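> Now for the letters of each chain:
There are 2 protein chains.
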Amino acid sequence: MRIALDAMGGDHAPEPIVAGAIQAACAEPELTIVLVGDQAQIEPLLPSGPERARLELFHCTQVVGMEEKPVEALRRKPDNSIKRCWELLATRKVDGIVSAGNTGAMVAGGHFLKRFLKGVLRPGIAAVLPTAKGLCVLLDVGANIHAKPEHLFQYGIMGSIYARNILQVENPRIGLMNVGEEEAKGHDLARGTHHLFAQASGSLRDRFIGNIEGRDIHKGAADVVVCDGFVGNVVLKYGEGVFEFLMKIIHAEVLSPLQAERHLAERALHELAVRYDYSTYGGAPLLGIDGACIICHGSSGDRAIKNALLVAARYARAHLNEIIIQELEANPPPATE
Amino acid sequence: MRIALDAMGGDHAPEPIVAGAIQAACAEPELTIVLVGDQAQIEPLLPSGPERARLELFHCTQVVGMEEKPVEALRRKPDNSIKRCWELLATRKVDGIVSAGNTGAMVAGGHFLKRFLKGVLRPGIAAVLPTAKGLCVLLDVGANIHAKPEHLFQYGIMGSIYARNILQVENPRIGLMNVGEEEAKGHDLARGTHHLFAQASGSLRDRFIGNIEGRDIHKGAADVVVCDGFVGNVVLKYGEGVFEFLMKIIHAEVLSPLQAERHLAERALHELAVRYDYSTYGGAPLLGIDGACIICHGSSGDRAIKNALLVAARYARAHLNEIIIQELEANPPPATE
Numbered sequence: 130m131r132i133a134l135d136a137m138g139g140d141h142a143p144e145p146i147v148a149g150a151i152q153a154a155c156a157e158p159e160l161t162i163v164l165v166g167d168q169a170q171i172e173p174l175l176p177s178g179p180e181r182a183r184l185e186l187f188h189c190t191q192v193v194g195m196e197e198k199p200v201e202a203l204r205r206k207p208d209n210s211i212k213r214c215w216e217l218l219a220t221r222k223v224d225g226i227v228s229a230g231n232t233g234a235m236v237a238g239g240h241f242l243k244r245f246l247k248g249v250l251r252p253g254i255a256a257v258l259p260t261a262k263g264l265c266v267l268l269d270v271g272a273n274i275h276a277k278p279e280h281l282f283q284y285g286i287m288g289s290i291y292a293r294n295i296l297q298v299e300n301p302r303i304g305l306m307n308v309g310e311e312e313a314k315g316h317d318l319a320r321g322t323h324h325l326f327a328q329a330s331g332s333l334r335d336r337f338i339g340n341i342e343g344r345d346i347h348k349g350a351a352d353v354v355v356c357d358g359f360v361g362n363v364v365l366k367y368g369e370g371v372f373e374f375l376m377k378i379i380h381a382e383v384l385s386p387l388q389a390e391r392h393l394a395e396r397a398l399h400e401l402a403v404r405y406d407y408s409t410y411g412g413a414p415l416l417g418i419d420g421a422c423i424i425c426h427g428s429s430g431d432r433a434i435k436n437a438l439l440v441a442a443r444y445a446r447a448h449l450n451e452i453i454i455q456e457l458e459a460n461p462p463p464a465t466e
Numbered sequence: 130m131r132i133a134l135d136a137m138g139g140d141h142a143p144e145p146i147v148a149g150a151i152q153a154a155c156a157e158p159e160l161t162i163v164l165v166g167d168q169a170q171i172e173p174l175l176p177s178g179p180e181r182a183r184l185e186l187f188h189c190t191q192v193v194g195m196e197e198k199p200v201e202a203l204r205r206k207p208d209n210s211i212k213r214c215w216e217l218l219a220t221r222k223v224d225g226i227v228s229a230g231n232t233g234a235m236v237a238g239g240h241f242l243k244r245f246l247k248g249v250l251r252p253g254i255a256a257v258l259p260t261a262k263g264l265c266v267l268l269d270v271g272a273n274i275h276a277k278p279e280h281l282f283q284y285g286i287m288g289s290i291y292a293r294n295i296l297q298v299e300n301p302r303i304g305l306m307n308v309g310e311e312e313a314k315g316h317d318l319a320r321g322t323h324h325l326f327a328q329a330s331g332s333l334r335d336r337f338i339g340n341i342e343g344r345d346i347h348k349g350a351a352d353v354v355v356c357d358g359f360v361g362n363v364v365l366k367y368g369e370g371v372f373e374f375l376m377k378i379i380h381a382e383v384l385s386p387l388q389a390e391r392h393l394a395e396r397a398l399h400e401l402a403v404r405y406d407y408s409t410y411g412g413a414p415l416l417g418i419d420g421a422c423i424i425c426h427g428s429s430g431d432r433a434i435k436n437a438l439l440v441a442a443r444y445a446r447a448h449l450n451e452i453i454i455q456e457l458e459a460n461p462p463p464a465t466e
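Sequences listed follow chains W and Y, in order. Count along the first sequence from 1, add 129, and you get the number used in my numbering. Count along the second sequence from 1, add 129, and you get the number used in my numbering.
Source of the hints: derived by calculation from the structure; they are not laboratory data. Incorrect hints may appear among the rest.
The list treats identical chains as one, so a pair stands whether inside a single copy or across any two.
Taking lysine to aspartate or glutamate pairs in the EDC-like style, the calculated list, with each CA pair at most 20 Å apart, reads [said to hold, decoys possible]: (1) LYS348 <-> GLU382; (2) LYS277 <-> ASP317; (3) LYS262 <-> GLU196; (4) LYS277 <-> GLU458; (5) LYS348 <-> ASP406; (6) LYS222 <-> GLU451.
Keep in mind the model is a prediction, meaning the values are calculated, not measured.
So here's chain W without its partners, still in its complex pose (with noise of 0.2 Å):
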């Protein structure tokens, strides 16, 4: 198994990004990892122990900064490492790629090399969202602003599998992001997908629980939630927004006041703070991709940056993408009248 990492991505690229990689190639004895990226940057941060020989390098001399515009970015900077992963991808000397760098880049890559898998028509970020009973699905967090009702029917699909094999939910249900429960609710992107869903055959069609709201996705209402990508940005920042803020006040008005038990409030609050701030996740898999493509947040540490090589790893062996093809195939979304 090889991944290939764009090692200058991030915003502390590449010292916490390479030490997400030296932890990733010590806990999976059978994962190679390319460093792409600025060899006198990255060499003197490699470890000298015997998983150095599973973390290759791969020289490239420019990065897409983080708030450069995606489109252009890639085209001035022809040797930049965003795009090195990419092309390593598409001539298959990797199985995957993760990157915590300029996001839009990374799924216009994906866009300008034409590695969309076999009947996907677009691409979504899925970001995996802690509930009140385990994990949920929500897709698409950005790739796709300009959604049609039948990418949001298969990224209810690829959703479920992401879910099934890699979350371990048996039967995922599928919720539709609305503004109420009603079937008629919402605007027409919303309707046409309803509709699309309650037409699908079989498994499909029964795993389908309507629309959701934006309170349920927490309660566990649902574990895919299907939207389209600026609903789906939109909601996932304001969410990481109303943790930071939550987080700091009850620092400030409900554990600063404590004395004795103070020390004892504080380390519990961090560590709730470590396993539900967005930023330690993992990573979203960009789904439709053919490949394990696996987008960070920019703030990534090593940790988040380990994770998301585990899970590319874990991508490529469950061999997602063959399921996606398959189910695709078996459910083209339901002709509209």
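Starting from the structure of chain W, add chain Y where the hints point.
Using the frame of chain W, we list chain Y on its own:
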């Protein structure tokens, strides 16, 4: 000052609704509240004190259920309390209306009676959110899910007037909810709206700070944030869900293990929950309506209803609608080529 209150609207109506009305009447000697609903249920809840004279009863026999389809229900139940509230406003028997009932029916009631203010293209519901730096007005959160750039442009103007006159923010900064900060980001609606604000005149353009992302709202990055009603509704409810989820796990994992100081910490968390729980805010104004219209959360308790009534009175007293008419006239949406 006379405000009509839908005494039958809300998850637990009429008890907490009438209790809120009594509190508002006690707090505000110049306020008369018209309680709209079933006389037999409301009358026993009224007090015998001097404020009784400012609690009038307007009997009606029907109620739109919280889960009913708004338009259908308004048609099928001609004597429902929401419709009667709107009629009292339309005939100028009251200066404002307040309801914790079916939100869709409240919005539809305004559409039916064509109670739009002069120059307003589409009314929008404005939610007030707590941030690290004060309060932020987010609109629209559910009245207009098929929004156009001109609508969002007007929401920026109306939201600013609300922030300035009700929340005391002198020069409200207007942000556009988007998936990234760069000007060219987002879908057609976002780009079109960005264009309108960038072309606007004087102070309006100066106060427009461009795109903002979901995670910046609670940091206090803007005083007014505009978006379409689908995004706003989903975001608002998602935030509620994150809030509830975090409050529960913090109680279970951070506070429960404490011993000596557990009670102290629980009291602080409870106070914080009451202060920041979206449902205890006064309610959300439907801006762009001829009159003051405040829509409350279905779960509103007496405190929320009291605050909503006081906000409605303040809204009417500040002549907000006259200011809205003037500013919309002074700032027609710039022509798009």
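> Next, verify each hint and record whether it holds.
Outcome of the hint check:
1. LYS348 <-> GLU382: Between. Shortest inter-copy distance 17 Å satisfies the 20 Å Cα cut-off; intra-copy 26 Å does not.
2. LYS277 <-> ASP317: both (9 Å within a copy, 14 Å between copies)
3. LYS262 <-> GLU196: neither (36 Å within a copy, 26 Å between copies)
4. LYS277 <-> GLU458: Classified as within; 18 Å inside a copy, 37 Å across copies.
5. LYS348 <-> ASP406: Both. Shortest intra-copy (17 Å) and inter-copy (17 Å) distances satisfy the 20 Å Cα cut-off.
6. LYS222 <-> GLU451: within (19 Å within a copy, 67 Å between copies)
Hint 3 from the earlier list is the only one contradicted by this structure; the remaining hints agree with it.
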